[in-house]
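A.B. asks: Chains as they are written, first to last, in our numbering: chain G, 227 to 512; chain W, 10 to 375; chain P, 6 to 306.
Honestly, the hints are just simulated from the structure, not real lab data. Here the structure is a predicted model, which means the values were calculated and not measured. Just so you know, not all the hints are guaranteed correct.
Said to hold, decoys possible - Restricting the straight-line Cα-Cα distance to at most 30 Å, the calculated cross-link-like pairs of lysine-lysine (BS3-like) are: (1) Lys490(G) / Lys115(P); (2) Lys120(W) / Lys138(W); (3) Lys28(P) / Lys322(G); (4) Lys292(G) / Lys490(G); (5) Lys118(P) / Lys28(P); (6) Lys138(W) / Lys303(P); (7) Lys490(G) / Lys28(P); (8) Lys303(P) / Lys74(W); (9) Lys322(G) / Lys198(P); (10) Lys490(G) / Lys118(P); (11) Lys322(G) / Lys27(P); (12) Lys490(G) / Lys74(W); (13) Lys279(G) / Lys74(W).
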Amino acid sequence: MAAVKKNSFIPGLVIGSFLFYMLIPILATYVFSIANRWDRSILPEGLTLEWYKVAFADPWFFIVFKHSLILSITTVFASVIIIVPTAYWVHLRNPKARPLFDLISTIPFAIPGVVLSLGLIRLYARPPLMLARTPAMLVAAYVIFTMPFMYRPVVNSLEAVNIRVLTEAAQSLGSSWLRTITQVILPNILPGILSGGLLVFAIIFGEFTIATFLVGARYKTFPMQLVYYTRRDGRIASAYSVISFTIAWVSSLIIIWVVAWGAKRTSARNSQSTKDLTTASTGDQR
Amino acid sequence: MSYLDLIHLDKAFDEAIAVRDFNLQVEQGEFVSLLGPSGCGKTTTLRMVAGFETPDTGSIFLSGKDITSMPPNRRGMGMVFQSYALFPNMTAWNNVAFGLRIARLSTSEIKTRVTELLDLVGLSDVGHKYSNELSGGQQQRVALARALANEPKVLLLDEPLSALDAVVRVSLRHEIRRIQTALGITTIYVTHDQEEALSISDRVVVMRRAVIEQIGTPEEIYVQPDTHFVATFVGTINQFPGILVDAPRGLVTNISPNWTISAQPITDGKLKNGDAVTVLIRPDEIHLSHIETVVNEENSLTAVVKSITLLGAVTRLNLDLDGHPIIVDIKTVDRGRFFLDEHVQFSFTREACSVMSDIDTVSNDI
Amino acid sequence: MCRDDELSEVQIKPGSRDMSRKKTLLFNWIPLLPFLILCLAIMILPLFFMLQGSFTGSDGEFTLEHYSKMGASIYALSFKNSILLSGLTAILGVIIGLIVGYFIFQLISKRSKEMMTALCDVTSNFSGAPLAFAFIIVLGSNGVLTLAAQKYLAWEIYPTFSIYSFWGLVLVYTYFQLPLMVLLIIPAIAGLKREWREAAYGMGANSHQYWRYVGIPVLTPAILSGLLLLFANSFGAYATAYTLTEFRYPLVTLQLGFLLTGEVFRDPGAGDAMGILTLILMGISILFYQLAARRGRKWQQ
């Protein structure tokens with residue numbers, strides 16, 4: 227009963243405007259980063275890679291990039307090590323704890339980055355616990371901050387594959403715990419771990435707020451440097467922006483691919499997991 | 010001691026008792042089914058044998074050895090699950106080979122054995138496929154092959170056919186039995202489908218609410234049910250409630266419409282005169298004839314044919330005697346002899362009657 | 006661990022097994038401790054201390070002065086602005102997202118639907134400082150569109166519409182709200198079974214009535230959860246607003262940030278009170294979001 231021949235005017239207009247709104251800022255950033263001069267005319271006056279060269283020439287570039295990379299990767303690892311076994315244990319051995327953990331995994335959504343920073347500084351920055359301002363504390367904060375984004379995909383994976391029965395099947399065939407974990411459990415929750423890990427990586431790499439307040443100048447990160455340049459030199463800032471955003475959307479695409487691969491493997495009707503990943507997606511880079 | 014001994018097994022979860030005082034001796038090579046409605050404890054019992062649950066009290070002996078606390082991965086039993094439980098990250102081949110690799114067989118031995126097993130279950134050409142590329146029936150066969158790979162001492166099947174459609178279920182159950190007989194593996198099979206249990210088992214254990222109701226061959230279960238529950242759970246049965254008035258002569262008076270059934274003499278003292286009892290009679294043990302035909306069964310009455318339903322090889326007639334429904338099964342070839350609304354004579358022998366106390370009435374827990 | 010389908014009716018049993026049962030109970034929780042301790046250390050304790058601090062005056066005594074401060078001047082203004090901004094962008098995001106989502110769903114080719122969804126996925130990552138900066142490039146005083154409008158339409162966008170003002174914030178915030186809503190609403194629209202529409206039409210309803218009595222009501226959980234999610238999302242945002250306005254524009258998160266900058270802690274009690282109020286607001290939003298989302302999931306089956 228829906229209109230067979232759609233009025234091609236309105237849908238086109240709506241989607242077109244949407245695309246315009248979404249893509250223009252992105253395009254503008256990319257073009258700005260390679261534009262010679264662009265403050266007097268519609269189109270850039272010339273194209274150049276000058277700004278990237280300047281950005282790379284600054285030793286700070288590599289320092290902050292390295293810092294952000296280290297933070298992201300460390301958070302991912304810490305997250306996997308703490309959360310994956312926990313999710314597994316709750317799912318398999320202590321199902322009664324499930325409601326509690328489901329609740330805990332949504333609490334971080336209700337805590338904005340500033341508030342978390344405030345709380346941590348208030349508690350840990352007083353002597354004798356001068357812990358607050360270290361990268362280690364930052365990673366700990368990050369693990370909690372991104373916890374929902376790792377917990378949920380892993381739990382979805384565990385459910386999609388019915389890990390309990392698989393574990394029992396492996397045991398009935400004589401498998402030791404180690405073998406069961408490495409050959410049966412991990413391979414089957416790998417899509418969940420990977421997509422969770424990628425998401426955490428992308429979020430942390432672009433995270434500005436908590437990093438600024440917790441460690442600030444002691445451990446400068448990529449987004450902090452970006453913000454610094456937005457006030458000093460817009461063109462360098464745009465180069466940073468391009469890099470930051472590129473990393474983010476490449477991660478997104480990889481996640482989409484991983485989720486699809488995982489779903490195909492278990493042929494599970496899990497469109498749910500993609501949705502959960504992306505709704506309330508990237509934490510406090512805003 | 011038999012090959013597999015389950016002795017006084019008890020299991021409770023929190024406050025709810027799942028299995029109570031379960032005793033069973035299984036001979037080597039025997040095919041035993043655990044049959045009952047959901048919640049009766051059959052799966053919990055199986056899982057205790059497998060090692061996934063530990064009995065609260067009681068013991069399990071295999072070949073004379075106490076395996077009660079042995080972890081599941083050392084018991085040498087093969088298990089087939091209702092949901093197949095094939096490892097999604099491995100091909101069918103690798104699923105079957107999994108246990109063999111654990112047993113450290115050489116590559117060529119593994120190759121021979123897996124090929125042999127896939128042949129056995131009729132799936133020689135799908136070894137390379139993943140579980141999501143196989144149908145339910147195929148997956149279950151792979152699961153069976155996998156469970157048999159390490160030549161287990163006992164084969165355990167937990168409602169393996171419940172998730173499959175009817176046609177596949179029937180053919181696959183016969184195949185399971187065929188393979189089991191060929192290999193001579195002691196097998197415990199859990200199901201809620203009584204037709205399945207009766208058709209392929211050497212013995213059946215009927216369970217209800219954590220307790221064993223009866224253990225016997227399929228014939229014993231069907232023809233000589235020990236309890237009211239077994240009689241009504243397995244197959245269809247007619248129930249006639251009444252009062253026992255003469256135990257030595259086995260006379261039961263029906264409350265209405267005032268007819269007396271002559272059952273077998275009751276001499277074991279379990280029931281006394283005046284007890285409320287139910288007489289149970291199988292539909293196939295009631296004979297139909299036209300009125301005034303001479304019959305030589307002790308019990309003979311007249312009723313009206315209310316419906317005639319063709320079930321296949323058997324045709325079921327529902328008779329009515331003053332409001333009492335009576336179910337009679339006849340061979341379909343004979344169905345032409347009777348008509349709707351006809352008054353017919355139905356009769357049955359003393360031996361066809363089971364008399365049981367009314368206390369143990371079946372509620373709607375099936 | 007027991008199987009649900011194996012429990013018979015509840016029967017009282019002797020308590021002799023209780024001891025070993027209690028032991029198993031304890032064992033089941035030990036592997037969960039690392040995670041729980043981390044949660045405690047990073048989430049629970051700090052918030053608890055914040056709560057305490059919000060009621061503690063500079064003399065260490067119990068006081069409500071911090072909260073009464075909230076009702077006045079810059080703090081009240083910040084809350085007002087934040088709620089206004091978040092509410093407005095949430096509503097805008099929901100309405101526009103609903104419409105856009107609907108049209109995307111109507112796209113004929115599966116491929117374009119997938120691409121649009123991927124686009125939303127990707128653009129929802131474009132937020133914070135890079136996004137704010139992108140809008141400065143486009144609509145700042147020398148922005149691309151500003152100049153284009155000036156040149157071709159003789160329309161002076163700036164400074165009537167300044168990207169650095171409230172409405173600028175609205176525009177930028179809506180940018181990252183939209184994709185979120187689209188991604189949320191598409192599965193819900195997909196859940197509107199075609200048969201319902203056909204059944205409604207079969208009973209004589211027209212398009213308008215279908216939407217009014219079936220479509221929108223069924224979508225309501227998704228719409229509500231969208232509103233709540235977007236609200237919370239927006240309220241907690243910091244980097245975007247900071248990049249655009251630094252501390253000039255009074256928003257709750259910015260105010261909190263201001264209190265945190267510098268080595269010396271300015272007015273910790275006020276910060277705590279702000280933090281707690283924010284948590285209450287966000288907590289309620291997320292709580293209702295979960296409830297709405299759960300209801301929506303049930304209906305989508």
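A.B. asks: All hints are to be evaluated individually against the structure, with a verdict given for each.
C.D. replies: Structure-based check of all given hints:
With a C-alpha separation of about 17 Å, the suggested pair Lys490(G) and Lys115(P) falls inside the 30 Å cut-off, and the hint holds. Distance restraint check for Lys120(W) and Lys138(W): the Cα-Cα separation of roughly 16 Å lies within the 30 Å cut-off, and the hinted pair is therefore satisfied. Among the hinted pairs, Lys28(P) with Lys322(G) is consistent with the structure: their alpha-carbon atoms are about 15 Å apart, no more than 30 Å. Restraint check: the Cα-Cα separation between Lys292(G) and Lys490(G) comes to about 36 Å, which exceeds 30 Å; the hinted pair is violated.
The straight-line distance between the Cα atoms of Lys118(P) and Lys28(P) is roughly 54 Å, outside the 30 Å bound, and the hint therefore fails. Annotation: proposed proximity of Lys138(W) to Lys303(P) is violated, straight-line Cα distance about 34 Å (limit 30 Å). Restraint check: the Cα-Cα separation between Lys490(G) and Lys28(P) comes to about 41 Å, which exceeds 30 Å; the hinted pair is violated. Restraint check for Lys303(P) and Lys74(W): not satisfied, since their Cα atoms lie roughly 51 Å apart, outside the 30 Å limit.
For a cut-off of 30 Å, the pair hint linking Lys322(G) to Lys198(P) is broken: about 35 Å separates their Cα positions. Taken as a hint, the Lys490(G) and Lys118(P) pair is honoured in the structure, with Cα atoms around 19 Å apart against an allowance of 30 Å. The hinted pair formed by Lys322(G) and Lys27(P) meets the criterion: a straight-line CA distance of about 14 Å does not exceed 30 Å. For the hint linking Lys490(G) to Lys74(W), the alpha-carbon distance of about 45 Å lies beyond 30 Å, and the restraint is violated.
With a C-alpha separation of about 77 Å, the suggested pairing of Lys279(G) with Lys74(W) is violated against the 30 Å cut-off.
The structure is inconsistent with the numbered hints 4, 5, 6, 7, 8, 9, 12, 13, although it conforms to all the rest.
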